[in-house]
Amino acid sequence: MRRAAPWVVLALLASCVVACSGGGPPDGVKVAGAVGRQPAVTIPGSAPGGKLGVKTLHSGKGAKVAAGDLVAANYVGYRWNGGDHKLIASSYDSGRPAMFPYGHLVPGLNRALAGQRPGGRVVAVIPPGQGYGSQGYAALQIGGNDSLVFVLDVLAVYPNGASAHGTPEQQTEAGLPRVTTGAVPSMTIPSARPPAKLTVRTIVRGTGRPVEAKQVVVYHDLGQIWRDRKTFESSRGRGHPDSVVVGARQMIDGWDRAVVGKPVGSRVLVVVPPNAGYGAKGHSASGITRSDTLAFVIDIIAAY
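With mature numbering (1 follows the signal peptide of the UniProt record, and there is no 0) applied, the sequence shown covers -19 to -1, 1 to 285.
None of these hints come from the bench; they were simulated from the model.
Certain hints may be false.
[Unchecked claim] Cut-off 25 Å, straight-line C-alpha distance, at most; resulting in silico cross-link-like pairs (DSS-like, lysine-lysine):
| id | residue 1 | residue 2 |
| --- | --- | --- |
| 1 | 11 | 67 |
| 2 | 42 | 11 |
| 3 | 178 | 262 |
| 4 | 262 | 211 |
| 5 | 178 | 211 |
| 6 | 32 | 67 |
| 7 | 67 | 36 |
[Said to hold, decoys possible] Each pair of labels, with its calculated beta carbon distance range:
| id | residue 1 | residue 2 | range |
| --- | --- | --- | --- |
| 8 | 152 | 13 | 48 to 58 Å |
| 9 | 152 | 47 | 30 to 40 Å |
| 10 | 47 | 169 | 31 to 41 Å |
We put the CB at the ideal spot given by N, CA and C, even for glycine.
Could you build the full structure based on these sequences and the hints that come with them?
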């Protein structure tokens, strides 16, 4: 459960649109450089054409991006308004890819990612009507008349069915929730007092590298309130895997501490007392009081 909503790149309401793409990149935009490295983008001094243009510059391999997918991609993004254009966002600056929940982005980006495959590169020129609209987006200095130019290199595609993969561990401790080891886990909280301290147990031990602080982690999770067994958090219920920078206070403390150091592919049970969760304020929107202990099952799908 997030402490606060982190900034998600261009995450807005989705819409299905049709784009036109000719033999080259749209509106005279030029893209140079190898896939997987920061592209060199040349934007004309003239104004953009005003229509959505999408062009696949390199076709990848593997499963196509589809509904319910979380897309990991490196990207550069520019605003473009007549002779003025400026780089406004780049995953290369942070040294880690961005995560795009397909179907929950501005319409032009949804169209650009539709049907892409890992290893592919796509360029999109997105007019205001398929971007942020007339209100723009002040945080990125995008005005209501600005078009957007994005070049995206797709690294991986994570479907909603992604889950932990590894070796199940024995669950023998009395007084802790029992967690299933199938593709979609369930959790049974016992009729007992919860542990007073943060408790972390590995349910499935993955075979990947241990997660490091400040990495972007792709995950599924299930969260319940110990007191009444109410489910207040479910990434699968939202329809796609989620992502977060761990150790950056984007999540409650107990969640963060449970994930750092665990191998990718693991499924982890976490029992979070109030002082490692929402503390004295609780979280009224989720029905969590100041004295509630929380239980999570976290599938660590990938880390970057």
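Open item on the list: Under the constraints set out in the numbered hints, which ones does this structure not fulfil?
Closed with: Structure breaks no hint.
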